[in-house]
Amino acid sequence: MIAYNRRSLDNLAIQYEAMEAFEKKMLTPEEYSRIRIAYPFHFYIPNAFIRLGIFVLTVIAAACALGLFLLMGLGSGDRSIGTMLIVLGVISYGLLELFIHAHKVYQAGVDDALLWIASALVVTGINFTTDHLSPPLESFIILVLAVAGTLRYADRLMALAAYGALLSFIFYRLAEWGVVARAILPFVVLALSAGGYFLFTRLAAKESLRHYHPCILLLRVATLVTFYLAGNYYIIREVNASLSGGQGPVALGWLWWLLTAAVPVFYIVKGLQKKDPLFLWTGLGLVAATIFTVRYYYHVLPAEWAMILGGTVLIAGAYGAIRYLKTPKYGFTAELSDDPHLLADLHVEGIILAESFTAVAAQPADPGVSFGGGTTGGGGAGGQY
Amino acid sequence: MRISTYKKLHAEGLITDGTLQRAEALESRRLFSLHWELRLLLYLGVLLLTGGLGIVVYKNIDTIGHQAVLAFIALVTAGCFYYCIRKKTPFNWEYVNPPNAVFDYILLLGCLSLLIFLSYLQYAYNVFGDNYGLATFIPMVILFAAAYYFDHLGILSLAITNLAAWAGIAITPLSIMKEGNFATHRLIYTGLALGAVLIAAGRLTEQRRAKPHFEFTYSNFGVNLFFIAALAGQFAYDSTYFLWFLALTGAAFFCYTRAMARRSFYFVLILILYAYIALSDVVVRLLAEMSMRDLSPIFLGLFYFIGSAIGVAILLIRINRQLKAHDSL
Numbered sequence: 000m001i002a003y004n005r006r007s008l009d010n011l012a013i014q015y016e017a018m019e020a021f022e023k024k025m026l027t028p029e030e031y032s033r034i035r036i037a038y039p040f041h042f043y044i045p046n047a048f049i050r051l052g053i054f055v056l057t058v059i060a061a062a063c064a065l066g067l068f069l070l071m072g073l074g075s076g077d078r079s080i081g082t083m084l085i086v087l088g089v090i091s092y093g094l095l096e097l098f099i100h101a102h103k104v105y106q107a108g109v110d111d112a113l114l115w116i117a118s119a120l121v122v123t124g125i126n127f128t129t130d131h132l133s134p135p136l137e138s139f140i141i142l143v144l145a146v147a148g149t150l151r152y153a154d155r156l157m158a159l160a161a162y163g164a165l166l167s168f169i170f171y172r173l174a175e176w177g178v179v180a181r182a183i184l185p186f187v188v189l190a191l192s193a194g195g196y197f198l199f200t201r202l203a204a205k206e207s208l209r210h211y212h213p214c215i216l217l218l219r220v221a222t223l224v225t226f227y228l229a230g231n232y233y234i235i236r237e238v239n240a241s242l243s244g245g246q247g248p249v250a251l252g253w254l255w256w257l258l259t260a261a262v263p264v265f266y267i268v269k270g271l272q273k274k275d276p277l278f279l280w281t282g283l284g285l286v287a288a289t290i291f292t293v294r295y296y297y298h299v300l301p302a303e304w305a306m307i308l309g310g311t312v313l314i315a316g317a318y319g320a321i322r323y324l325k326t327p328k329y330g331f332t333a334e335l336s337d338d339p340h341l342l343a344d345l346h347v348e349g350i351i352l353a354e355s356f357t358a359v360a361a362q363p364a365d366p367g368v369s370f371g372g373g374t375t376g377g378g379g380a381g382g383q384y
Numbered sequence: 000m001r002i003s004t005y006k007k008l009h010a011e012g013l014i015t016d017g018t019l020q021r022a023e024a025l026e027s028r029r030l031f032s033l034h035w036e037l038r039l040l041l042y043l044g045v046l047l048l049t050g051g052l053g054i055v056v057y058k059n060i061d062t063i064g065h066q067a068v069l070a071f072i073a074l075v076t077a078g079c080f081y082y083c084i085r086k087k088t089p090f091n092w093e094y095v096n097p098p099n100a101v102f103d104y105i106l107l108l109g110c111l112s113l114l115i116f117l118s119y120l121q122y123a124y125n126v127f128g129d130n131y132g133l134a135t136f137i138p139m140v141i142l143f144a145a146a147y148y149f150d151h152l153g154i155l156s157l158a159i160t161n162l163a164a165w166a167g168i169a170i171t172p173l174s175i176m177k178e179g180n181f182a183t184h185r186l187i188y189t190g191l192a193l194g195a196v197l198i199a200a201g202r203l204t205e206q207r208r209a210k211p212h213f214e215f216t217y218s219n220f221g222v223n224l225f226f227i228a229a230l231a232g233q234f235a236y237d238s239t240y241f242l243w244f245l246a247l248t249g250a251a252f253f254c255y256t257r258a259m260a261r262r263s264f265y266f267v268l269i270l271i272l273y274a275y276i277a278l279s280d281v282v283v284r285l286l287a288e289m290s291m292r293d294l295s296p297i298f299l300g301l302f303y304f305i306g307s308a309i310g311v312a313i314l315l316i317r318i319n320r321q322l323k324a325h326d327s328l
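Line by line, the protein sequences are chains A and B.
For the first sequence, position 12 (counting from the first letter as 1) is numbered 11 according to numbering that gives the first Met the number 0, and the numbering increases by one without interruption.
For the second sequence, position 225 (counting from the first letter as 1) is numbered 224 according to numbering that gives the first Met the number 0, and the numbering increases by one without interruption.
Accuracy of the hints is not assured; some may be wrong.
[To be verified] Below 20 Å or equal to it, Euclidean Cα-Cα: the simulated SDA-like pairs (lysine to any residue) are: (1) B/Lys-6 to A/Asp-9; (2) A/Lys-273 to A/Phe-331; (3) A/Lys-205 to B/Arg-1; (4) A/Lys-24 to B/Ala-24; (5) A/Lys-274 to B/Thr-76; (6) B/Lys-86 to B/Thr-76; (7) A/Lys-273 to A/Val-224; (8) A/Lys-328 to B/Phe-31; (9) A/Lys-325 to B/Thr-76; (10) A/Lys-328 to A/Arg-236; (11) A/Lys-23 to B/Leu-39; (12) A/Lys-274 to B/Phe-31; (13) A/Lys-274 to A/Arg-201; (14) A/Lys-273 to B/Glu-26; (15) A/Lys-273 to A/Trp-176; (16) A/Lys-205 to B/Lys-6; (17) B/Lys-86 to B/Pro-98; (18) A/Lys-269 to B/His-34; (19) A/Lys-273 to A/Val-187; (20) B/Lys-58 to B/Leu-69; (21) A/Lys-274 to A/Ala-305; (22) A/Lys-274 to B/Arg-38; (23) A/Lys-24 to B/Glu-23; (24) A/Lys-328 to A/Ile-267; (25) A/Lys-23 to B/Glu-288; (26) A/Lys-23 to B/Ile-2; (27) A/Lys-205 to B/Thr-4; (28) A/Lys-23 to B/Gln-20; (29) A/Lys-269 to A/Gly-195; (30) A/Lys-325 to B/Lys-58; (31) B/Lys-58 to A/Pro-301; (32) A/Lys-205 to A/Leu-8; (33) B/Lys-7 to A/Tyr-15; (34) B/Lys-87 to A/Pro-28; (35) B/Lys-58 to A/Ala-305; (36) B/Lys-87 to B/Gly-153.
Hints are computed from structural coordinates only; laboratory data are not their basis.
Construct all of the structure, not just a fragment, from the sequences and the given hints.
In structure tokens form, the structure reads like this:
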């Protein structure tokens, strides 16, 4: 299902872990080099900055190629332009496969860019060929493309796009069904988010889905956030107003206020209890959303005094907590831990990693091909930037 | 590395018994770190507090006495600096660790409230008169001194921003990007000069090993400022744009050789992109001069961008490989 070589992905994951352990001096240099020889991978993974540059340049080249085709097709009707866009999208998918299989790119900028370009072209093309796409149908098409993109290329943002498209599909379907459907909309999203969270948490434990773990992690965060948003007073009120055209307070106001206030606190408490940074960080971020929601409707304090008060409480609280945790208590510490942070699961350390691999099993580099296959050559931690 | 991975590698004979036992022992007394969470809250607190204080002062200028406001801000500033001077680790030209977790934030709070204090002084009593240069020069000196004395990268960025304000440009990396505002030609030359000074400062910092970890901040500000000013020059001067282009690519090449020697992927990337923007500007100018009777200049332009973008992408890939290959030597 996944386009990338599975063995290389597995070996890469082990090398990530080994590199991290080596940097913390949990492995001897001999052990580390033995592991690197035993688990070779054949990907071209550039440095993160180079990846960004290649991404931008690929988008420029594709945009100009598109402009060229549009210029040549000038004057033909919407339908033929739509067909052309779809064909170009399919060609982009083809190029993507070519780069992955022939040139072994992995998170190299080209593959990221081509996947998104291909999907965007196909969606736009379908819009051109049909006279009018209903919003639910459009959401459904995006959902199908995004799910396919996620499954085949394990792209994290594609996974988020798929979840967003699913929500938008359900939203538009329910909105079509009139008043009753509108009333149950928040509960449907709440239920869907909760169900999604438990589903993804179970999937995250599955070894067979290991290549999708970064996607699943993001999806778990997304379900936590949508659960909060579905119960947020401001969102409920605005969405309700835009659907029915009427302003003013909404039914069950107390319930939405309760959810707005309680969900972030629940996440933070849960995060501390389970020692789960995912809950903790989501909760911390959502506290800010709750503060803005409350202040939008109730001007309890002038903004500046609220800032001073909040700032003082934060400084005092954080300072107190740091002092309190000077000697670790209940398994918490304020010191830097040896564990990789939450971000580590998203393979942010790929930035460092891509720089620090020496040529392992020497692959015959392929000098004729510009994107030449073979291992990421060279290594040794270079400059950070 | 997860314990399961340790066990797997151990079973395959890739790691020794000792390593596995050490990992297991560490795992059993592993702690959950709130390090970054608490730092983030502290930082937010400092920002909120100083922001709030600033607004209060601004709004109540007429009602609270100037002396009362000034006295309060002075008290906060003095308190912070007193704490920092008492707690600081002895000065050293190399990197020094902050004495404790909150030190950096107290220092930041002190410096920010010092800035508020000085601008308020200027507003209320016009201490510096119409001498705006002095009004930005004094905080700049204090900030540079604090950055070096207490070893604080954030304060150094503040100081560099202040240096630019003194030189007549409001810069933060973001505002450079957003506005690219070099409306008057004097600003272009100021930007070029300041950028060159900062690049030189970065180089000296490294050579003299005077707080060598400050080098990146200097170079980052310097390179971006210099090349954006140079691009602005190329865009602004229609008659001499080609000279600007030559100068810009020359400077880019000079910085590029240094960036390659230091194996800095970041600088290599931004230098190549700046040079690419300059080259594209020249090409577009040349195409625009062609006769516009048919669409051929547009087609040529599109072909140029397709070809050049792919070309630069391939160049980046080559450089990536080259930088890594150098490592293994």
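Comparing the hints with the structure gives:
1. Proximity of B/Lys-6 to A/Asp-9 is assessed by CA-CA distance (about 16 Å); at most 20 Å being required, the pair is judged to hold.
2. Restraint check for A/Lys-273 and A/Phe-331: the C-alpha separation of about 12 Å stays at or below 20 Å, so the hint holds.
3. Between A/Lys-205 and B/Arg-1 the CA atoms are separated by roughly 16 Å; this keeps the pair inside 20 Å, and the hint holds.
4. A distance of roughly 14 Å separates the Cα atoms of A/Lys-24 and B/Ala-24; the hinted pair therefore holds under the 20 Å criterion.
5. Between A/Lys-274 and B/Thr-76 the CA atoms are separated by roughly 38 Å; this puts the pair beyond 20 Å, and the hint is violated.
6. Restraint check for B/Lys-86 and B/Thr-76: the C-alpha separation of about 15 Å stays at or below 20 Å, so the hint holds.
7. With a C-alpha separation of about 18 Å, the suggested pairing of A/Lys-273 with A/Val-224 holds against the 20 Å cut-off.
8. In summary, the hint linking A/Lys-328 to B/Phe-31 is supported, as the alpha carbons are separated by about 10 Å, within the 20 Å threshold.
9. Taking the CA atoms of A/Lys-325 and B/Thr-76, the gap is near 27 Å; set against the 20 Å cutoff, the hint is violated.
10. Between the alpha carbons of A/Lys-328 and A/Arg-236 the distance comes to roughly 43 Å, so the proposed pair goes past 20 Å and is violated.
11. For the hint pairing A/Lys-23 with B/Leu-39, the CA-to-CA distance comes to about 24 Å; that exceeds 20 Å, so the pair is violated.
12. For the hint pairing A/Lys-274 with B/Phe-31, the CA-to-CA distance comes to about 6 Å; that is within 20 Å, so the pair holds.
13. The suggested pairing of A/Lys-274 with A/Arg-201 holds, with an alpha-carbon distance near 18 Å, which does not exceed 20 Å.
14. Pair hint A/Lys-273 plus B/Glu-26 holds up; C-alpha atoms about 16 Å apart against a cutoff of 20 Å.
15. The suggested pairing of A/Lys-273 with A/Trp-176 is violated, with an alpha-carbon distance near 41 Å, which exceeds 20 Å.
16. A threshold of 20 Å between alpha carbons decides the hint, and for A/Lys-205 with B/Lys-6 the separation of about 19 Å falls inside it, so the pair holds.
17. Proposed proximity of B/Lys-86 and B/Pro-98 is supported: the alpha carbons are some 7 Å apart, at most 20 Å.
18. This hinted pair checks out: A/Lys-269 and B/His-34 have alpha carbons roughly 18 Å apart, not beyond 20 Å.
19. Under the criterion of a C-alpha separation no larger than 20 Å, the hint pairing A/Lys-273 with A/Val-187 is inconsistent with the structure, at around 27 Å.
20. A threshold of 20 Å between alpha carbons decides the hint, and for B/Lys-58 with B/Leu-69 the separation of about 14 Å falls inside it, so the pair holds.
21. This hinted pair does not check out: A/Lys-274 and A/Ala-305 have alpha carbons roughly 30 Å apart, beyond 20 Å.
22. At most 20 Å may separate the alpha-carbon atoms for a hinted pair to count; A/Lys-274 and B/Arg-38 meet this at roughly 18 Å.
23. Only pairs whose Cα atoms come within 20 Å are accepted, and A/Lys-24 paired with B/Glu-23 is accepted, the gap being roughly 14 Å.
24. At roughly 18 Å between alpha-carbon atoms, A/Lys-328 and A/Ile-267 fall within 20 Å of each other, so this suggested pair holds.
25. Between the alpha carbons of A/Lys-23 and B/Glu-288 the distance comes to roughly 60 Å, so the proposed pair goes past 20 Å and is violated.
26. The suggested pairing of A/Lys-23 with B/Ile-2 holds, with an alpha-carbon distance near 15 Å, which does not exceed 20 Å.
27. Taken as a hint, the A/Lys-205 and B/Thr-4 pair is honoured in the structure, with Cα atoms around 16 Å apart against an allowance of 20 Å.
28. Annotation: proposed proximity of A/Lys-23 to B/Gln-20 holds, straight-line Cα distance about 15 Å (limit 20 Å).
29. Of the pairs offered as hints, the one joining A/Lys-269 and A/Gly-195 holds, with about 18 Å between alpha carbons and a cut-off of 20 Å not exceeded.
30. Distance restraint check for A/Lys-325 and B/Lys-58: the Cα-Cα separation of roughly 40 Å exceeds the 20 Å cut-off, and the hinted pair is therefore not satisfied.
31. As the CA atoms of B/Lys-58 and A/Pro-301 are separated by approximately 11 Å, the hinted pair is consistent with the 20 Å bound.
32. With a CA separation close to 16 Å, the supplied pair A/Lys-205 and A/Leu-8 stays within the 20 Å bound.
33. A distance of roughly 15 Å separates the Cα atoms of B/Lys-7 and A/Tyr-15; the hinted pair therefore holds under the 20 Å criterion.
34. A hinted pair counts as satisfied when its Cα atoms are at most 20 Å apart, and B/Lys-87 with A/Pro-28 does not qualify at roughly 37 Å.
35. Between B/Lys-58 and A/Ala-305 the alpha-carbon distance is near 14 Å, which keeps this suggested pair within the 20 Å criterion.
36. For the suggested pair B/Lys-87 and B/Gly-153, the alpha carbons sit about 17 Å apart, so the restraint of at most 20 Å is met.
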